[in-house]
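Participant: Residues per chain are reported as follows:
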Amino acid sequence: MSSLARVSLSLARREMVRFFRQPQRVIGTIAQPLLFWLFLGFGFAGSFRIPGMENVTYLEYFYPGVMLMLMLFSAVFSTITIIEDRDAGFLQGVLVAPVSRLAIVLGKVIGATSIALIQTMIFLAAAPVLGLSLGLGGVVMVVGGFVLAGIGFSTLGFLLAWGMRSTAAFHAVMMVFLMPLWMLSGALFPLDNVPTAMKAVMLINPVSHALEIIRAPFYAEPAALLSDSHYLLALAISVVWAVGGLALSMIRVNRREIGLAPKVS
Amino acid sequence: MIRIRNLTHIYPGSRKVAPHVAVSDLSLEVREGEFAILSGPNGSGKSTLFRILCGLARPSAGQVSIAGFDLLTEPARVRDVLGVVFQSPAVDKQLTVAENLAIQADLYGIPAAEYLARRDEALAWTDLGGRLDNRVETLSGGLARQVELAKVLMTNPRVLLLDEPTTGLDPVSRRNFLEALQRLHHERGLTILMTSHVFSEAEDVDRVAIMREGKLMAYDTPQALRAMIGTEMVVIQSRDAKVLAGRLESELGLTASVVGDEVRLAETENGDSLPLLEKILQRYRPDIRSISIKQPGLDDVFVRVTGAASGQE
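Protein sequence lines correspond, in order, to chains A and B.
All residue numbers for the first sequence refer to the numbering used here, where the first residue is 28 and numbers rise by one.
All residue numbers for the second sequence refer to the numbering used here, where the first residue is 1326 and numbers rise by one.
Any given hint could turn out to be false.
[Claimed, not checked] Covered stretches of chain A, going by a simulated chain B footprint (3 or more residues, C-beta under 8 Å):
| id | segment |
| --- | --- |
| 1 | 123-130 |
| 2 | 274-285 |
[Unchecked claim] Computed list of chain A residues with no C-beta within reach of chain B, every gap over 10 Å:
| id | residue |
| --- | --- |
| 3 | LEU38 |
| 4 | GLY68 |
| 5 | GLY70 |
| 6 | GLY73 |
| 7 | GLY116 |
| 8 | SER141 |
| 9 | MET148 |
| 10 | LEU159 |
| 11 | ALA196 |
| 12 | VAL203 |
| 13 | LEU205 |
| 14 | ALA224 |
| 15 | LYS226 |
| 16 | VAL228 |
[As the list claims (entries may be wrong)] Under 10 Å between C-beta atoms, here's a sample of chain A residues computed to sit facing chain B:
| id | residue |
| --- | --- |
| 17 | VAL34 |
| 18 | ARG40 |
| 19 | ARG41 |
| 20 | VAL44 |
| 21 | ARG45 |
| 22 | ARG48 |
| 23 | ARG76 |
| 24 | ASP112 |
| 25 | ALA115 |
| 26 | PHE117 |
| 27 | LEU118 |
| 28 | GLY120 |
| 29 | ALA288 |
Hints listed in this document are in silico derivations from the structure and should not be mistaken for laboratory results.
All figures in this text were calculated on a predicted structure; none of them were measured in a lab.
Note that beta-carbon positions come from the ideal geometry of N, C-alpha and C, so glycine has one too.
Next up, chain B with everything else stripped away, as it sits in the complex (with noise of 0.2 Å):
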């Protein structure tokens, strides 16, 4: 559905700036009715790659084609196939929420006859029932953020691409986004296209992709990442954490770290932790309040894929 193709993208510089290069013969295909997370520290290239996909910047090499159409060569047909939410909302907070659905019908040439349906189809993905004739700038930004998804479903879009769109909502106004976006995506279909930086948001999706410099580090469901590091760690919550580890090691001869008032040992291959676990429960019970095993989450992947490529520079 979203077909990238060794794409390369320099920023021109000036006199004093280098250029600057910030995709670099990147490849990567989302399929129809996936719903895919591009993540990627500060400056990984995440955002150029956004503008492109959207249109906003013409790539220095390399191909893209959204449901089919090339977007240098179509640009028109796949704008009609698209939604944007952009990471600053593409609302205007002067107007009401009808007036800003209103301009978007007439921008996609929504008829008259079908935008009352179209719009009331919309705002039930929302909350924002009753709110029709408030202006935007006095709406919390959680709602705010739905008139923006209300804007963009009612235009019937085919793949959806979002920057960023829960940075700055509370955590309940993000779980309401991110529910009606994963609702979304298997009651439509819709392709998603979403860059995040919260991995939480990544764990329901059906891949993640990781970028680094320009280039696409890790691409994957959620699971391969995490297999991907390929070990657990043990880790044990205790009255008095630092004599524990004390004993950990000068007993069991383990590795062991405290963190607050966790005793976390070093990581060890999968399937090595539950043995471990038992022979330490069994030892010091009395002094364990919990021992768990902690799965890798998708932030140490992160870590991992991210800081092993400053690695092998």
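So that you can see chain A by itself, here it is in the shape it has in the complex (with noise of 0.2 Å):
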């Protein structure tokens, strides 16, 4: 096993070790989610109405969005474990050790994206409640869609926090910049009849093609989605915003901090 791989498994391996000793933390981010979607779900029921969906009640028209939100939760309280990592003196012992620095990027992503997942696949059990059915394609394309979402949130909350010296400070970040952008994902109400100027930022948000691609394959045959431009342009800016994600927070580790040049007198 290259050694790449070694030491993110076992990083990541830890980050869920941790995450599942702390019952409280696996309650608190499937439940606020469950209950979220519970009671927007039905208390919107009867006043939600969608032209040209008029048969999709606000419970599932809620549902992929509720996923979404559970995926940036659990990958925001992830990645605020470095801020901890940092003052406990843990993250000083891996930045001593001889691993490359995208191992370390690695491991925290891997580790919160496979939480995130977990928890998510509890939420899609609950599908075929709603009346919604994925072929084995379909399911595929969810947990794809589902992956590069874990590693789009999970980056962002990476460079966040990197910096960051408080907790208190990215609850604070995450309230006026990651919440918001869910919001502006379409995952509350659709992108339809909304301001131009709301409708700008929702179409730049990386978050709205993510939502794209995890609602898409519940609504039609995955081969129907391979040929549509609409599915595919929201599957490629996914993509990029994992993979620059990735090559953001490894360039965020590498930067060491770098004494002044002195003067030359």
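Given two chains presented individually in distinct reference frames, assemble the corresponding complex, making use of the accompanying hints.
Facilitator: This is the structure we're talking about:
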């Protein structure tokens, strides 16, 4: 096994072990989106009608969005541990070890994405209850979408957390930056009838495109989607988001604190 | 083994804070197999120097080589031979001792076939036997430190850097930790550089460096540093220290000060204290409980070296 894989998987496994040793964290990250989904789903049930999708209940409309929210929360809570690791000293120990800097990023991202995926799979089991059905191809596409979104969110979290010294600051950034990204993704309401400015934001928002590739397989055959330019564009943007996030995170980790050059006198 | 040449580190500062020179044109060498201690008052730049040595910060100027590898151009080679013990232990408290050690084995690419043997050898230096499946958070501070030591030893480093590793330990744990370190130094021939405030830890080491305001003020063996002060002091314990001090001043013309129940005479040149002691003993025998000559400790050297620098400015 190459050392990159060994180190990444070792660090990822640590994330999982830590996660499952904190039952509150397990319950919290699943229960919150679940409550959100049920309360909003039943609450808006009577008043929510989408033009052209009249037979879709709000519970069903919100379903992919709430899984994406779970993805966001899970990735964010996983990357917040970077700040704790730095505080506690564990991160320093990893930084002075002879390991590739990419492995440090991958360890966190694989760990965060896996934890998020496990939780999302529990949600995915609710699909038949909503009358949604997925073939094997559909499941692969949805899970693939989650993996891309998981990498995208966790690298975003990674980039934000790396330079931060307090978890409180991270929570603040999450509320004003990450939550709006999700809100303006079409997860809560469709993109069609919103002011133009907001629509523009939603279009450049990578989370909208991740949502698109997660929602689409529930309503179309895989073969049809793979020849749909709309879907392919969303897929491409999601891939760029994930790969770009990984690249930027690696650059960030590589950047060491550098002393100011002395003045030549 | 550790060679630092003309090292300077300047923190960039910001619009409100002026750039700060933390390390200034510092040169220092720790030879192979030496145990050196780096000390200095808070803010003297030793933490910055430590961060540079373990590769967490890039200096503004100067060269550092460790085990023959340049730290700036070959950081990966340096990481291979370097073991670092930080002030805040680099262990995951939520994991067990065994889990922490397994992660370390992965980080340093220890082959699976060798892992158990190397782990057991490293554990033999510690008191962690039987605690492998305990979570680190349930261990005492001293044992948690030892987890880190075991972690580092497992990787067979040639150079060990430690940043105030005994901070927060009780005296027994501190002594155990230092004893293990001394044995490692002797038996494995490890080159060790450790920062420390506690001078009782420095008495047995090969060399002591004292930093102040980013500069190296002194770097020598503990004996040579003590000789640098060049003075000693007669200390007398007496039933009534004040009365005795008064008599010594009026009758012998000495300068005496009272600290608790001790009378301390003014420092004398090396060798002058013994005749003085005999003279005092003859005349004041009934008033004296004990009398001795006090050699300067390393903390006296420290105060002298770092204090003298502030006087010059």
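Participant: Now tell me, hint by hint, if it's right for this structure.
Facilitator: Status of the hints after comparison with the structure:
no.	hint	in the structure
1	123-130	holds (count 4)
2	274-285	holds (count 3)
3	LEU38	7 Å, violated
4	GLY68	36 Å, holds
5	GLY70	38 Å, holds
6	GLY73	46 Å, holds
7	GLY116	4 Å, violated
8	SER141	17 Å, holds
9	MET148	24 Å, holds
10	LEU159	38 Å, holds
11	ALA196	17 Å, holds
12	VAL203	23 Å, holds
13	LEU205	25 Å, holds
14	ALA224	34 Å, holds
15	LYS226	39 Å, holds
16	VAL228	32 Å, holds
17	VAL34	6 Å, holds
18	ARG40	8 Å, holds
19	ARG41	6 Å, holds
20	VAL44	7 Å, holds
21	ARG45	5 Å, holds
22	ARG48	6 Å, holds
23	ARG76	48 Å, violated
24	ASP112	8 Å, holds
25	ALA115	6 Å, holds
26	PHE117	5 Å, holds
27	LEU118	8 Å, holds
28	GLY120	3 Å, holds
29	ALA288	6 Å, holds
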